[in-house]
Amino acid sequence: MTTDTEIQAPARVERRTGQASWTTTVPAWVITTLSVAVATGLWEFFGRDVNPLLGTYPSAIIKAFFSMLQTGRLQDALIQSSQPFIVGYIVAAIVGIPVGLLLGRYRILESALGIYVTAGYATPLIALVPLLILWFGLGFMVKAVVVFLLSFFPICINTWFGVKAVPKTMIEVGTAFCASQTAIMRGIILPATIPYIMAGLRLGIGKAVIGIVIAEFLTAISGLGGIIITSANSFRTAEMFVPVILIMVLAVALTALVGWLEKYVAPWQSEITGHDSV
Amino acid sequence: MTTDTEIQAPARVERRTGQASWTTTVPAWVITTLSVAVATGLWEFFGRDVNPLLGTYPSAIIKAFFSMLQTGRLQDALIQSSQPFIVGYIVAAIVGIPVGLLLGRYRILESALGIYVTAGYATPLIALVPLLILWFGLGFMVKAVVVFLLSFFPICINTWFGVKAVPKTMIEVGTAFCASQTAIMRGIILPATIPYIMAGLRLGIGKAVIGIVIAEFLTAISGLGGIIITSANSFRTAEMFVPVILIMVLAVALTALVGWLEKYVAPWQSEITGHDSV
Amino acid sequence: QEAWRHGIVEAKGDSGFLFQAAEGGFDDKHGINIDMVQFTGGPTALKALIAGDLDSFEASPVIALSALHQGADVKIIGCDWPGMTYTVFSGKDIASAADLKGKTVGVSAPGSLPDIFTRLALEASGLANTDVTFANAGGSADRVKAVGGGVVAAAASSSEFAIDADALNVKPLLKGVEVTPQFLKVCIMTTGKKIAERREAMTNFLAAEMEGLAHAIANKDAMLEVARKVGHLPEDDKTAEFIYNEALEYKAINADLAIPLEKLQWVDDEMVKLKFLDGNADTKKFVDDSVRTEALARVKK
Amino acid sequence: MAHLEVQNITKSFGTHNALDGVSFNVEKGDVVALIGPSGCGKTTALRIIMGLETATSGQVKVAGRPVSGCGHDRGMVFQHAELLPWRNTLSNIGYGLEMKGMKEPELSRTAMHYLELVGLTPAKDRRPHQLSGGMKQRVGIARALAIDPEVLLMDEPFGALDSQTREGLHGELLSIHAKTQKTIIFVTHDLDEAVMLADRVAVMHAGKISQIIPIELERPRLDMRAIRTSAEYSRKRTLIWEALHDAGVSAAA
Amino acid sequence: MAHLEVQNITKSFGTHNALDGVSFNVEKGDVVALIGPSGCGKTTALRIIMGLETATSGQVKVAGRPVSGCGHDRGMVFQHAELLPWRNTLSNIGYGLEMKGMKEPELSRTAMHYLELVGLTPAKDRRPHQLSGGMKQRVGIARALAIDPEVLLMDEPFGALDSQTREGLHGELLSIHAKTQKTIIFVTHDLDEAVMLADRVAVMHAGKISQIIPIELERPRLDMRAIRTSAEYSRKRTLIWEALHDAGVSAAA
Ligand SMILES: Nc1ncnc2c1ncn2[C@@H]1O[C@H](COP(=O)(O)OP(=O)(O)OP(=O)(O)O)[C@@H](O)[C@H]1O
Ligand SMILES: Nc1ncnc2c1ncn2[C@@H]1O[C@H](COP(=O)(O)OP(=O)(O)OP(=O)(O)O)[C@@H](O)[C@H]1O
Ligand SMILES: [Mg+2]
Ligand SMILES: [Mg+2]
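Residue numbers (the working numbering), protein chains in the order written: chain A, 9 to 286; chain B, 9 to 286; chain C, 4 to 304; chain D, -4 to 248; chain E, -4 to 248.
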């Protein structure tokens, strides 16, 4: 063996991992943008051949978008839809996370109430809308309730499963230091469950979106869901796609927001996993 | 200090943990049964006062259930609904899990395709059913596709997030032993992600149920969803609740089945967490 | 001003008539404020009516009949659109109703207006119910698309879709006004409880409706303007005009809201025949004509 | 009455008996070293004393009261540190204090004190995954010391440390013990550490205590180099060594 | 050309320099012990050699080829064992073999062989969470040995083991080395272990190698008791001890 502890001229930095280098150097948003651009381009190209009463293409949608902006119709509908959406979703998060934590932590609650959460998630809610109308009327409230009911369950269930996946050894740290039940919940279970809660919140967004649209279809027609229905009924396909795509874009943005929130409230998570969050 | 290494008469077994003893001794199913019995009782009591065109109560539902059993209507509907349900759900699992694994593992795929999964999950699918009808007709196929589309996303997204939550240190074991990308995927990522996949599969069941009901509402009316909408339109509320509750019960049973499956494919999980799975 | 919540199902080109009372200022004139609430489905709206969230609701009586047969506290208080402006559309390759034999026909939910109308229209053209397969092909526009897309051979929908018939690759095969003249398309409904509680406002509401409809019938431009505004229709839209012409041509619309009792009974009988309803009923007891009579007097004054 | 009484404890995992009738008493202020081959049940014994695991039979008493669950009277250093991944070094050290109900600014001040004690001041703000193995272990030690328990249970606390750091911490532990007369049970594989720190060394083998060897070195043991060359030191070191090697035979008998 | 060349490696985590210019060469068949205070960068160095971490600057060559990522030529024993929780003991040991492409029945046979070697035959079917700390570590050792790599990188492999088990494994390692002439780098905090096993002891301090001390004890080193009483043994033990204590001073200079 030869020893060589003298400092040599610094060698060039070598970055070689298993993956090809360009995948790590090109930022994610560039790839995403490219991918969306290509998809949009293909749609534009092939979409133009389709009967406009049945299908449409991006530039027609953009045109419809601007004309709906000008009349203010889109903004009004967006405001109309977003109020029950926001209220329903936020209440679902505020109620769903603690309920999920409790269900996961206490066997007795799980045995007594878990079945309703499982059953509630799988209930064809759409069939129960008339009952909801009976209790909550036709306006803001029933829509917020439908959004709440649809987004509550994925948030609650994911949290619940997350708690059950917390390793015993971690909880034992709390037990060993005589942490109270509340302290274990807040100081150990909650942070350890954050990835699951965040997954639940993201899944919840998708469900909340479906919720608001269903509510606007099945109760008094209004908001973005109302535009979808009215446009579909008069074969203004491009117009119909404006709210559909707007909803998609907003949902994707909200999902990204939750991802950002996760990095903010649980910065250690992405460090441990070595991934950026979505 | 006195030392005492001789064996004394065995002391009585003492089982004292933080929790009260009866919660650990009464089996979970007893609590669940009691809870459901109480809820049913309350419903029966208060449900009788509601206008029968709008609401109903358990004994009326049971009566309707038996009369529908006798005519064979319920069995036929169940068989009709379960075929597209099973096909759609199983394909969603078969496609959703690998896609989720790939999205979570490869940055480039995630950047390029992740946005479509997020967007697809948040698309008001109900608005696109007419389009699906044009492509897949009104029969079995379109129903299976709707079930697939609704259950694919939670399964895929949960798997995806699960992969992102796998600790780096675990993957490094694979890297250190020069495991191929496939081997890391199959031998490390997949088992480490199982709790998330299972959560996704359970969430998927709920969505699949909604899917089959929506499909049976919006395309050729058939199956359990068909009974729901026909009964709802003719204001036979008790009859409407029979398939609603049957679907709920089946979904709860399927969810339990997935829990059992998790114990079977990932027995270590409940050992590590010290919990029984749901 | 007293608020009045009135529900309607999926207004399209016809909104120039339906919204005239609310949009044309006739409600203000009678000291009420009509709040028009739109629904995609009749049964949900009817349940909202029964639950008390709506004050009145207009739709095909077909929706209400099964509830009425089960003793629901629903009353028909006027019929603004008795004429059956409904059409069975078919693919271009279908020459006559007979060609539909063995094919699939698109309807919406069993027992709903399109379903019953299609069955009766086919029957009137000599096709038995068993000669075709019925399938749910979604909402009114979706059913037409399904015909154009070849998913179903024919489907019933509102006649206004005839305007886009060529583009949609469909053709009007059977017109309701011709094959089922007895069919009653739209009536206004409320509950007995509401009549007792808000008789005065209801009278004003019906009066406003009567004046609104009369104004729309007399002023095509007013009708088109409201239709454009409410339906967000583009300038080149032709549906509203089509509906206007059709309504006048077939006298489908009735500004005095008279309730054609014999037509109502006919619909009920046919539904019993089709087994959508059990047992016969005297449809007169579903009707309360008194409010309308008072409103008529108020309008004449 | 002894401060800590372990009475005929057994523990089985399925068919495997991890502990097979373990009894010993520890007087207040005594330091006991638990030594024995890998898998003989040392961690299990400590976990039962801590109340993290319920014994299959037998019981544990602290100050005459039977142990059930946790207690601020006992503090635990885990074999694998078990830090909370979302807390940085300082707040991991402060965890036990928080659970005891200590409030700021006392909390930070106390935690800082123990942070310095284990020599981690520069790593104050790092999270566990940014610490080396030995650093994590030191955080675990500081966390348990910080709550100032009457009984300290330490599972291989100095296992992954270099000799210098280790000796520094030995010194700290001895001086803490001299000041506060804590009752300490610690697991080690190092004979020198056992003799240097303990009043009694309990040799375990296959779920049983095979021998308890008293160490008659005077306290306070300040001059470690002097102790290391003493006759008692090397005699007892040899005795333990033999006990470890013989244990297999006697336990099998 | 040396078998393993570490050329002026640095590694920074944020502003913290974990490695600050580390260079050394290891000839084929040499055994090198890495010793140094907690947090000085031993694990980081091993991880870079294994290809688990990319150096901020500098490079590593094995048999002349620069290292990028993994290679069956190197096998790693992790400081925290890092077993796969879903595999039982036997199949954790077999993991590396599976990755190398070995098939049944050879796979099981080889894994069984190493299972016996580390004395875990009775715990063959248990999962990691059912193993004691030392047992886990032994599984980690067996897993790395099983793939029979040219270069063995061991991060505190014997840290949590009792002296008997530890000596048994020392003996096994020496005899494997004698038979196969593997190149071995291992991290330890135990001077005796370093002298007994290594040909060279590299003393690290604060991200730098401060001294490399050659051990001139003849191989094979079969009679451990005899070696322990030799003059070279105690001379080198003292030398390393001093190097560790001086390291702080020289590195600071
Ligand atoms: N991912 C990381 N992020 C930030 N700092 C890190 C990271 N990994 C290691 N370090 C720091 O790098 C330094 C060297 O760590 P390393 O694990 O190599 O030490 P070590 O010599 O193995 O110590 P020990 O003997 O305690 O295991 C430490 O100060 C540690 O805090
Ligand atoms: N949860 C468990 N399930 C099954 N067996 C277990 C479990 N925990 C421990 N054991 C077994 O009990 C025995 C004692 O384990 P313990 O951890 O107490 O050993 P130890 O003396 O601390 O060993 P080490 O020095 O290696 O840490 C071992 O054989 C171990 O495999
Ligand atoms: Mg142990
Ligand atoms: Mg290390």
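In case anyone wonders, no lab produced these hints; they're calculated from the structure. Treat the hints loosely; a few may be bogus.
Calculated pairs, DSS-like style, for lysine-lysine (alpha carbon to alpha carbon, straight line, at most 25 angstroms) [to be verified]:
id : chain 1 : residue 1 : chain 2 : residue 2
1  : C       : LYS254    : C       : LYS241
2  : B       : LYS176    : A       : LYS176
3  : B       : LYS176    : E       : LYS95
4  : D       : LYS56     : D       : LYS119
5  : D       : LYS119    : A       : LYS271
Here are a few chain E residues that face chain B, going by a calculated C-beta distance under 7 angstroms [unchecked claim]:
id : residue
6  : HIS67
7  : GLU77
8  : PRO80
9  : TRP81
10 : MET107
11 : ARG122
Per label pair, the in silico range of CB-to-CB distance [stated by the list, open to error]:
id : chain 1 : residue 1 : chain 2 : residue 2 : range
12 : D       : GLY163    : B       : TRP268    : 47 to 57 angstroms
13 : B       : VAL46     : A       : ILE94     : 26 to 36 angstroms
14 : B       : ILE94     : C       : GLU203    : 33 to 43 angstroms
15 : C       : ASN132    : A       : PRO60     : 28 to 38 angstroms
16 : B       : PRO35     : E       : PRO100    : 21 to 31 angstroms
17 : B       : VAL257    : D       : PRO100    : 49 to 59 angstroms
On a predicted model such as this, the values are computed, not experimentally measured, just so you know. Here a beta-carbon is modelled for each residue, glycine too, at the ideal position from N, C-alpha and C.
Taking the hints in turn, this is what the structure says about them:
1. LYS254/C <-> LYS241/C: holds, 20 angstroms
2. LYS176/B <-> LYS176/A: holds, 20 angstroms
3. LYS176/B <-> LYS95/E: holds, 21 angstroms
4. LYS56/D <-> LYS119/D: Distance of about 37 angstroms is beyond 25 angstroms: violated.
5. LYS119/D <-> LYS271/A: The hint holds at about 21 angstroms.
6. HIS67: holds, 5 angstroms
7. GLU77: holds, 5 angstroms
8. PRO80: holds, 5 angstroms
9. TRP81: Cβ of TRP81/E sits 5 angstroms from chain B, so the hint holds.
10. MET107: At about 19 angstroms, which exceeds the 7 angstroms cut-off, the nearest Cβ of chain B leaves the hint on MET107/E violated.
11. ARG122: holds, 5 angstroms
12. GLY163/D <-> TRP268/B: 47 to 57 angstroms: holds, 53 angstroms
13. VAL46/B <-> ILE94/A: 26 to 36 angstroms: holds, 35 angstroms
14. ILE94/B <-> GLU203/C: 33 to 43 angstroms: violated, 58 angstroms
15. ASN132/C <-> PRO60/A: 28 to 38 angstroms: holds, 36 angstroms
16. PRO35/B <-> PRO100/E: 21 to 31 angstroms: violated, 44 angstroms
17. VAL257/B <-> PRO100/D: 49 to 59 angstroms: Since VAL257/B and PRO100/D have Cβ atoms about 57 angstroms apart, the given range 49 to 59 angstroms holds.
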